[in-house]
Amino acid sequence: MSYMIKELPETSRPRERFKKYGAEALSDEELISILLRTGTKSKSVKEVSLNLLKEISLKDLKDTNYNTLKCIKGIGEVKAITLLASIELGKRILSEKNDKSKIRNANDAYNIASYEMSNKLQEQFMTIYLDTLNNVIMKKILFIGTVNKSSITPRDIFREAVKCNATKIILVHNHPAGSVNPSTSDIYLTQELVKLGEMLEIKVLDHIIIGNNNYYSIKERYGDLFAS
Numbered sequence: 000m001s002y003m004i005k006e007l008p009e010t011s012r013p014r015e016r017f018k019k020y021g022a023e024a025l026s027d028e029e030l031i032s033i034l035l036r037t038g039t040k041s042k043s044v045k046e047v048s049l050n051l052l053k054e055i056s057l058k059d060l061k062d063t064n065y066n067t068l069k070c071i072k073g074i075g076e077v078k079a080i081t082l083l084a085s086i087e088l089g090k091r092i093l094s095e096k097n098d099k100s101k102i103r104n105a106n107d108a109y110n111i112a113s114y115e116m117s118n119k120l121q122e123q124f125m126t127i128y129l130d131t132l133n134n135v136i137m138k139k140i141l142f143i144g145t146v147n148k149s150s151i152t153p154r155d156i157f158r159e160a161v162k163c164n165a166t167k168i169i170l171v172h173n174h175p176a177g178s179v180n181p182s183t184s185d186i187y188l189t190q191e192l193v194k195l196g197e198m199l200e201i202k203v204l205d206h207i208i209i210g211n212n213n214y215y216s217i218k219e220r221y222g223d224l225f226a227s
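Counting from 1, position 144 in the sequence shown corresponds to residue 143 in numbering that gives the first Met the number 0; the numbering is continuous, with no gaps.
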C-alpha cells in the first residue's frame, strides 16, 4: 500500500504546514508532495518528491515533458500529468502578468518571452506588439522552424500589428543549440523587417535571440540597423 500524506506525523504534513505557515514557508519537496499526494509501496510521498528533485532539478522541471516524468520511479502517469498541469498553469499566470508589462530595455523583452522560447527543440519566432508608450499589447508565436527570410512572412508579422493597433514591435526568436550569436541570416532578416516597418510606420525596436537562459540583443550590437 502506498504512503499517503495523512500517514506522516502531523507536524511533518505539508498540508498542515501550508495551512499554518503559508505556501512560502514550504520547501520545494513539500510543495511537490502536496501535488503527488501518495508515495509507493516502499517509499513515502516525501521520499518520492526528494527522488524526483534528484532526477530533475527545480530549474529544469518547468521544461521537462510527460514521457520523462512518468518514467521516474514513483511518479507514473497520473502524477506526471498532475505536475505538468500545475507547471503549465504557473507559466500561464506568469505569462498573463508579463503581458501587462512595459518594455524599457532588451532584458524586459527577454523576461516576457523567455518562458515560451527557452530550451525548445525547434526554432520559434515571436513578435511582441507594443503601443506608443511601450506597453505590451500582446505577444504571439508566428513561426516554428528554421528562422530565415524564406520561412518568415513579413505580411503576417505586420498584419497582426495593424489588427491590434500596435505602433512598435520587438522580434524574438530562439536558438535551440544554445548559442545566442546572430547568424548572417538573422542580421539580414532584421534589416529587411526594419525597412518594412518604416514603410508601414510600425517601428521595429529590437530583435532578441534567446538561447539557454541568456539572450542577445541585435540592437545593442548593431544599433545602426534600427536608426530611422
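If you are wondering where the hints come from, they were derived from the structure by calculation, not from laboratory data.
If you're wondering where the values come from, they're calculated on a predicted model, not measured in any experiment.
Be careful, since some hints might not be right.
Stated by the list, open to error - Within a straight-line C-alpha distance of at most 25 Å, the following computed BS3-like cross-link-like pairs (lysine-lysine) qualify: (1) Lys72 with Lys61; (2) Lys42 with Lys90; (3) Lys101 with Lys42; (4) Lys18 with Lys101; (5) Lys40 with Lys58; (6) Lys69 with Lys53; (7) Lys162 with Lys119; (8) Lys58 with Lys90; (9) Lys42 with Lys53.
Hint by hint, here is what the structure shows:
1. Lys72 with Lys61: Holds. Lys72 to Lys61 sits at ~19 Å (cutoff 25 Å).
2. Lys42 with Lys90: violated (30 Å)
3. Lys101 with Lys42: With Cα atoms ~47 Å apart, Lys101 and Lys42 exceed 25 Å; violated.
4. Lys18 with Lys101: violated (35 Å)
5. Lys40 with Lys58: Violated - the C-alpha atoms of Lys58 and Lys40 are around 29 Å apart, more than 25 Å.
6. Lys69 with Lys53: holds (15 Å)
7. Lys162 with Lys119: Distance ~28 Å between Lys162 and Lys119 Cα, so the pair is violated.
8. Lys58 with Lys90: The given pair, whose Cα atoms are some 13 Å apart, holds under the 25 Å limit.
9. Lys42 with Lys53: holds (15 Å)
When each numbered hint is compared with the structure, violations occur for hints 2, 3, 4, 5, 7.
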